[in-house]
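All chains, full assembly: derive it from the sequences and hints.
There are 2 protein chains.
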Amino acid sequence: MDGTILIVDDVATNRIVFKVKLGAASYHPLMATGGLECLRMARDARPDLILLDLMLPDLSGVEVIRRLRADPVTCDIPVIVVSALTSLTDRLAALEAGADDVFSKPWDDQLLMARVRNLLRSRQDAADLAGGRDAMLYGMAEPVSDFGHPGVLALVTDRTDSALQMRRDLGPLLRDRIVIMGHADALLDVEPGRPSADIYIIETDGKPGERGLRLLSDLRSRLATRHAGICILSSRTALAEAGAEATMAFDLGADAVIDSRMTSVEMALRLRMILRRKQRADRTREQLQDGLRLAMLDPLTGLFNRRFAMPKLTELAGRAVAAGRSFAVMIADLDRFKSVNDRYGHATGDAVLIEVARRFGQNLRGSDLLARVGGEEFLIAVPDAGLEEAQAIAVRLCQQIEARAIEAPGGEQITVTVSIGLAIGCAGTVDTDAAGLASSVTEEADQALLLSKTAGRNTVTIARSAA
Amino acid sequence: MDGTILIVDDVATNRIVFKVKLGAASYHPLMATGGLECLRMARDARPDLILLDLMLPDLSGVEVIRRLRADPVTCDIPVIVVSALTSLTDRLAALEAGADDVFSKPWDDQLLMARVRNLLRSRQDAADLAGGRDAMLYGMAEPVSDFGHPGVLALVTDRTDSALQMRRDLGPLLRDRIVIMGHADALLDVEPGRPSADIYIIETDGKPGERGLRLLSDLRSRLATRHAGICILSSRTALAEAGAEATMAFDLGADAVIDSRMTSVEMALRLRMILRRKQRADRTREQLQDGLRLAMLDPLTGLFNRRFAMPKLTELAGRAVAAGRSFAVMIADLDRFKSVNDRYGHATGDAVLIEVARRFGQNLRGSDLLARVGGEEFLIAVPDAGLEEAQAIAVRLCQQIEARAIEAPGGEQITVTVSIGLAIGCAGTVDTDAAGLASSVTEEADQALLLSKTAGRNTVTIARSAA
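If you read the sequences in order, they're chains A and B. Numbering (the working numbering) for the first sequence: 744 to 1210. Numbering (the working numbering) for the second sequence: 744 to 1210.
Honestly, I wouldn't trust all of these hints.
[What the hints assert, rightly or not] List of simulated lysine-lysine pairs, BS3-like, C-alpha gap at most 25 Å: (1) K848(A) / K764(A); (2) K1081(A) / K1196(A); (3) K764(A) / K1081(B); (4) K1081(B) / K1196(B); (5) K848(B) / K950(B); (6) K950(A) / K950(B); (7) K1081(A) / K1081(B); (8) K848(B) / K762(B); (9) K950(A) / K764(B); (10) K848(A) / K950(A).
No lab work stands behind these hints: they were computed from the structure.
In structure tokens:
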């Protein structure tokens, strides 16, 4: 369900106050009166966020957070502690256990709601990036290490003296490298696509046209830094102003707002958690990419598979049409491949396919398209190629396969040949779109391949339209 | 490259002014002096955004936009028109051709930079959602219709009279349904997960603690509305205030800021473009989901594939451990399946596998896990099951396969049987994590399967640890 928020408090009036407020904001409030009930409901109802009091009759709030974090079903649910009882010790214990934020009485309601929006938005972003819940499972077989590699934390400020002091204070509490930089440096990539830091801690100056919040928006709009952790370090003392700034920071996508008078221990705890979340999200994104890559690839040869070859060819055709250039399509088929399988077995047949794919790849450019589109059939597309050039490439591919025997795992030396059909796609020759052009050229190459087969194999035939 | 912005202007001083400003903001400026050069550079350098003057020596700026939009390589690059010459006719022509925004002299530099950030951020979001550029190709084979289905546009306002007038004005210019709602209604789902509109046009009131911008943030944080189109409708007349509000709206993720004094024709053009972009992004997301689903499924039977079965089983084991419950794992293997393939051919063998998968599926619950993990081998996991229940399920599966002959496509009636190995996973029985538990239970089920095979097949064997 969308926007389900679990309120955990043993005092009925507190629960009701939250319920009314959340209901008015169109959230779906659920209520638990104790820690065990909270844990049960968190598993069963899977709320999107938990508002947790620390003083509970059965379990301590800190213990509840620990158990939520230990359970794979609930470990990612954001938890905001809202409690009258928050000594410094309590705050630290809650953060250490894995709370996302701690609000002590009396809190700023607007700010609390902004934090709710902010955490819900991050959670949806993560789900989107993971391509839905099921895709996230890809990574579940791999052990989730909670202690990732050390990161780089950037203190973004123009006041070097206070930054140096902060680095001295935080240094012993963190394993990460802490660097100090100005606003402009934060946007510079170390190298293309590599950001200058994992977490940016941006000091705000409280002046109108606030540079710090603008930098936050800027970092979120850049490819290299959009998934970085971002903390706003505020030194505003007036409560209302600080609240308004923090509200805006959360809505702009900050991961935390830190008061510069906070203890170093609390800062370190918060930074550690942000880094951990960021590294987890990075890994999820990588796994998504891996999953997608696998969906596109033929597992045997590592080439693009049939399903992916046609859209890829359509893209190539679309570019050719737009640029008014031609492109070549070849269908290459191993000759009498069934006899290899029959005589030597499938393992040897597979080894032959892998080696043929490798030789094709070695004789094509990175911009060419190479896919395995059938058992022993390959599709090759060469952009910006005319007939002569394409024919030379096709002939070379034939020769490279025939030239050297392939050594099978069992030691057998197997010589195979390929037949190739070649067709040329030209913008304007057919009155159709890129997809239509791609499939008609492939069809022509297929027909030409048949002619190669009937002409005795191990040869290149040019489609009639191109000859 | 990250943050590459192409400046197109035939006046050298204009280019230089932009170059300095963009460079200072850590973007990578490129420059073109005319329309043809712009088109060439857009294809070759693939900038992330184009700042385009309308008065060019060779092509009109409007024609440049048209050509950019017609080329699949450049059609998604955001274009901001920045031009001295912008009569109402020019603005409309530029928007109609597909410009994302039009800034006329003199413009607010802060606002222009906010719009740049805003468009870059949307672009990266789209790329993220598409799982990278390659994944987007999945959809390219399907024709991209530029005219999607009519949408629902919500005018969010408390001033019903002006909203009614606006609906009367916009109605004849759009195919979409226009509804009027208050702020609270915007957050209500029509049904779970279904938003109340495709585009929200939010009227701001200009009061402190602005409700309109808060609603914008709120919509972006909700699952149902986070990908909706959102326009801010501003009636501020003071230039500086309007600029500050628009800057903030763009940084919070608005898709457009519309001045309430704008002509209805211009509003309609902008709304149409936002709807088109939104519908395209929706389709890309769906395609990504499809791609991922395919990566998880066995194409023959539609069951989960081997690669996906283990993480899925690990998740199931993790839940069982956390809840202190047991679960059952079965490995089911078709008996003497090779003889089916040898005698009837692979097509018939495939038909048998499909029917076996179907019968298994019919006799399991939705919460059970069913995967094809080998040629004729299936993995079944049943959560919350003890030995007795699991054994009853396994025996039933055996019976269901043996009970009726399978009709092959050629009309042959083929009777097959399965052997099953069954093991039970219990929290606490092994001192390991969920992944370790999942693989050890699978291993036990595998061993038990071997015993079923040696015991004469078509039978269920319980692993020693569970018996």
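When the hints from earlier in the document are held up against this structure, which numbers fail?
-> 3, 5, 10
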